[in-house]
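Visitor: What follows is each chain in one-letter form.
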Amino acid sequence: MIKFLIKGLLRDHHRSLFPILIVSFGVLLTTVLYSFINGELNDLIDSNARFDTGHLKIMTRAYNTMASQMPNDLALTEVEKLILSLNIRYPDYDWTARIKFVGLLDVPDENGETKAQNPIFGLAVNLFGKNSKEGERLNLAKSIVRGHVPEKPREILISEEFAKRMNTVIGHPITLLSTSSGGAIAVQNFIVCGTVKFGAAVMDRGAMIADLSDLQYTLEMPNGASEILGFNKKNYYDPDETKIIKTNFNSLFSNAGNQYSPLMLTLEDQNELGEYLQYITVLTLVIIGIFLAAMSVVLLNTGLMSGIRRYGEIGVRLALGQSKDQIYKSLLYESALIGFIGSVTGTALGLAVSLYLQEFGIDITETLRNTSIMMSNIIKARISIASFYIGFIPGLLATLIGTALSGIQIFKRQTASLFKEFET
Amino acid sequence: MLVLKLAFRNITHAGLRTWLNVIVLSFAFVLIVLTEGLYDGMSEQVKDAEIDSSVGGGQFWQKDYDPNDPFSFETAHSEIPVDLKKEIERDNASAVLIASASIFPRNLIQSVTLKGIDPDQKIVNLPVTVLKEEQDTNAIPGLIGFRMAKSTGLQAGDYVSARWRNIKGTFDAGDIKIVKVININIPSVDKGQIWIPLESLRTMMQAPGQATVITFKKNLSRIPSGSREWIFKDHNYLLKDLNENISRKRLYSNFMFSLLLGIALLAVFDTQVLSIFRRRKEIGTLMALGMTKWSVIILFTLEGCLLGILAFITGFMYGYPILAYLAKEGIVLPRMIEQSQFAILLVLYPKYGLKLYIVTALILFISVIIVSFLPAHRIAKLKPTDALKGKLS
Amino acid sequence: MKKAPAIIIFFIITYTIIGFAQVPSGLDVLMKIDKNLVLDKAISYTTIIIHGRTGTRSIKSKNWIEGKDKAFVEYTDPPREKGKKMLRLGNQVWNYYPEPTDRIITISGHLLRQSVMGSDLSYEDITENRKLTDMYDAKVTGSEMINNRNCYVVELSSKLDDIAYHSRKLWVDKERWLPLKEIRYAKSGRPIKQSELLEVFSLENRWYPKRILYHDLMQNGNGTEYIVESVELHAAIAESQFTKAALKK
Chain A
1 MIKFLIKGLL
11 RDHHRSLFPI
21 LIVSFGVLLT
31 TVLYSFINGE
41 LNDLIDSNAR
51 FDTGHLKIMT
61 RAYNTMASQM
71 PNDLALTEVE
81 KLILSLNIRY
91 PDYDWTARIK
101 FVGLLDVPDE
111 NGETKAQNPI
121 FGLAVNLFGK
131 NSKEGERLNL
141 AKSIVRGHVP
151 EKPREILISE
161 EFAKRMNTVI
171 GHPITLLSTS
181 SGGAIAVQNF
191 IVCGTVKFGA
201 AVMDRGAMIA
211 DLSDLQYTLE
221 MPNGASEILG
231 FNKKNYYDPD
241 ETKIIKTNFN
251 SLFSNAGNQY
261 SPLMLTLEDQ
271 NELGEYLQYI
281 TVLTLVIIGI
291 FLAAMSVVLL
301 NTGLMSGIRR
311 YGEIGVRLAL
321 GQSKDQIYKS
331 LLYESALIGF
341 IGSVTGTALG
351 LAVSLYLQEF
361 GIDITETLRN
371 TSIMMSNIIK
381 ARISIASFYI
391 GFIPGLLATL
401 IGTALSGIQI
411 FKRQTASLFK
421 EFET
Chain B
425 MLVLKLAFRN
435 ITHAGLRTWL
445 NVIVLSFAFV
455 LIVLTEGLYD
465 GMSEQVKDAE
475 IDSSVGGGQF
485 WQKDYDPNDP
495 FSFETAHSEI
505 PVDLKKEIER
515 DNASAVLIAS
525 ASIFPRNLIQ
535 SVTLKGIDPD
545 QKIVNLPVTV
555 LKEEQDTNAI
565 PGLIGFRMAK
575 STGLQAGDYV
585 SARWRNIKGT
595 FDAGDIKIVK
605 VININIPSVD
615 KGQIWIPLES
625 LRTMMQAPGQ
635 ATVITFKKNL
645 SRIPSGSREW
655 IFKDHNYLLK
665 DLNENISRKR
675 LYSNFMFSLL
685 LGIALLAVFD
695 TQVLSIFRRR
705 KEIGTLMALG
715 MTKWSVIILF
725 TLEGCLLGIL
735 AFITGFMYGY
745 PILAYLAKEG
755 IVLPRMIEQS
765 QFAILLVLYP
775 KYGLKLYIVT
785 ALILFISVII
795 VSFLPAHRIA
805 KLKPTDALKG
815 KLS
Chain C
818 MKKAPAIIIF
828 FIITYTIIGF
838 AQVPSGLDVL
848 MKIDKNLVLD
858 KAISYTTIII
868 HGRTGTRSIK
878 SKNWIEGKDK
888 AFVEYTDPPR
898 EKGKKMLRLG
908 NQVWNYYPEP
918 TDRIITISGH
928 LLRQSVMGSD
938 LSYEDITENR
948 KLTDMYDAKV
958 TGSEMINNRN
968 CYVVELSSKL
978 DDIAYHSRKL
988 WVDKERWLPL
998 KEIRYAKSGR
1008 PIKQSELLEV
1018 FSLENRWYPK
1028 RILYHDLMQN
1038 GNGTEYIVES
1048 VELHAAIAES
1058 QFTKAALKK
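Protein chains in written order, with the numbering used here: chain A, 1 to 424; chain B, 425 to 817; chain C, 818 to 1066.
Treat the hints as calculated values from the structure; they're not laboratory data. Hints may contain errors.
As the list claims (entries may be wrong) - No more than 25 Å apart at the CA atoms, straight line, and that leaves these computed lysine-lysine pairs for BS3-like:
1) B:K471 x B:K642
2) A:K100 x B:K574
3) A:K164 x B:K641
4) A:K164 x B:K642
5) C:K902 x B:K592
6) C:K902 x A:K115
7) B:K487 x A:K142
8) A:K115 x C:K1061
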């Protein structure tokens, strides 16, 4: 039976090729759209995660209650040991320490006296570690406006806008005045090796990126860090997995009675991202729902069309004595086959396009602005498990339902009047 | 003329087939308008919220004021010039004095920004009238947003000690009573700040009659010119970040737009190909009767166009009430996030301009013509004899 | 018994003087304190013990002092702090950070409000060089016992409007003329900072603080202890010691 159907489909291009093309195209569009929206969502999560929240974050309990103040006297200590045990316990995640701080950048004149002073926000990350992915994670190389990425200790990046305002020259020393973990004024010279664009106005007005160990030294935090971030090595935020790790970690390491014990948070626990994600997810579902409805109508239409188109053929088959049930069934099988082939092709093509968009993205630099640390200028798609079925299921079902609806007409036809139809 | 009549008759007599297409097309039309409207509405809503609760119709900033540099608050305050004072008296503007302070929630020091605002002001949409309703005269009434409440652990009814220095540098201290925590989706009026009555802050700072920012009523036709001391910041400046974000979002919505359009055109294309296939005998007959190939092509293209027109009419008929209803009542998001902090955005109000209708209609219409023409132009290769036999290469 | 009346008169006179002296004026008290605290030329060795949120740190320094207005501090321990220097001339402060930073930072503007080496004292607290009597009206308001020592209670209220602390209250040892306790108040009358003199020692013909405990009253920290290890009076200090050039030496 299936063999017969396939033969029919292969021989009658109009019966097979065109519907398959339509189904594939529709499924392709749906898949790409979904991956694209998923990519947008991912972009939001991603920029937050990369810059601020990680997929998981560890701070001390005390630091967490005042995190907005960046109280480095309450920071984590013995970070290396903690990271070591994190790596053993949760090997699927990349664990990395960071220090956040505020201070003043002081530009000296020829005599080493203060020429200009401006407040800054700073982020110290592991720039020179052998396996550190931080440079890449913060998109440093691509965000450089002038100069180069730090290559040796004491080299820092500052925002381009800030550099212009402070009138600093690349390669010149600049002094950071901050508050040490002991509360004293901490002072350290750095060399500005390059300028970057952060892509968030607050940062661009004054922010710097330095190496973690430099700041550990400057702020008197030996082996300390404001926070340890965990990033899924697959570079994908998995809400369920992070929740499990969080619960597990906190039950092992965290102690509500000790303000200095570490506390793990997921991405969603921070910056109201949980709520935002829920909100976006609902919106995504609405958009996808609307799109699927439209797609289904098109595919339904295709199903109906082919039913109408094959009116004559079905008449002949009825005249030859095939029962209406049999014809209806064979039509359904046929459309299932078309739907299946079309959906598979569509999904495959859609995934291919999505994969391309995931890897290379659409570069919107021309239309929008320059690449920055916070916001990638490349709109990227993101393939998830749902990408595999979001187009496939409606593709298959809509084709089937279309045929099922149009096929009902078969039962309305009178065998007796068939020949009259042929005569006309 | 004949072609047009024929096309119209063909369309109206095709029944189910026509209506399916019309439905798909009109559906796409309505959906494009809806999604674009949704994006526009959302952007507008966020922008409006920012204007309503923060920037008003533009602001005068004292020359030293830099919202990102709390150190600048030490000097960023001046007497309000006469012309601006007049606008404030006319309820066209409202003054805000800004100062740094330390508060001690949970016995830990935390720096905050105090913002003094007139509780009777009508310029920005913040429920600051509660500040004058507080009975406890020993404490300074304060209003905070939910983010601030979260980062300090303060709740309505809580007292917190504060320490500040007046403009002469003398230390002063007192208690602030949090009278209300508001759900507001504008971080710039929430994070790290406490709203207190303007006159209280002026007394605390020993800065009578002074201000840092003067916010104007929105849609005010005439705004006084600035001075060296007071600099006017318009929406372009104040909403720069927001606008950039919106233009980024727009790219996504354009992508959505083209995908929806793609789906609709797919339906038309599908119909055209099938109808040409089905009606090859008819094509042959028409040609045999002396119609030129191009007339036949035009006939089929016209049929496609008529589909488009019908779709607009239908779409308008059922779409308009739906769209209008949604614009008026808003799209209420499901309950699951009602608990969340996004109080304002829980109801989305789509917004559709005339431009949106016309642009969407035009793009759709032109695309329909192209898509109808594409399969039809194959007819040009057709031999009438073959067509009559029902052959279509 | 010819001398008797003279003795009586002597006694009467002495008694009267002492009797009058029992309630000295606020100005007198402040001057007597200054006489004890202000060193003409001296080198002292001190330790600051800071009880922070996360632990205790102590910092040792060698200090060159000349009168009220000149001070030069060189930190000697822990190794991290070694080589850092501070120069104060009147109300100006410069900090020097040794190699590799090798920078002199002017402590001015909001930096003055930063704490000195993480202690409960700000640079502003240590740079205020106007005389207390110029800034405040002082009044002796009573007597109280502090640490089993009989003290005058002296209340200071500001007579200028650009003063950090609107009012202060001192408990001054009646015999040794040192403030055993001081509270500084905000304009609203709320106590902000407190210092307690826990130990004193005699230095030639005066009493000098040995151990002082500072507290920020709005935070529940454990405060900062300031310990004077030793003082060399009449030290030979070159005038060049109190210059910016000395910072880089």
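Visitor: Mind listing which of the numbered hints don't hold for this structure, in increasing order?
Guide: 3, 4, 5, 7
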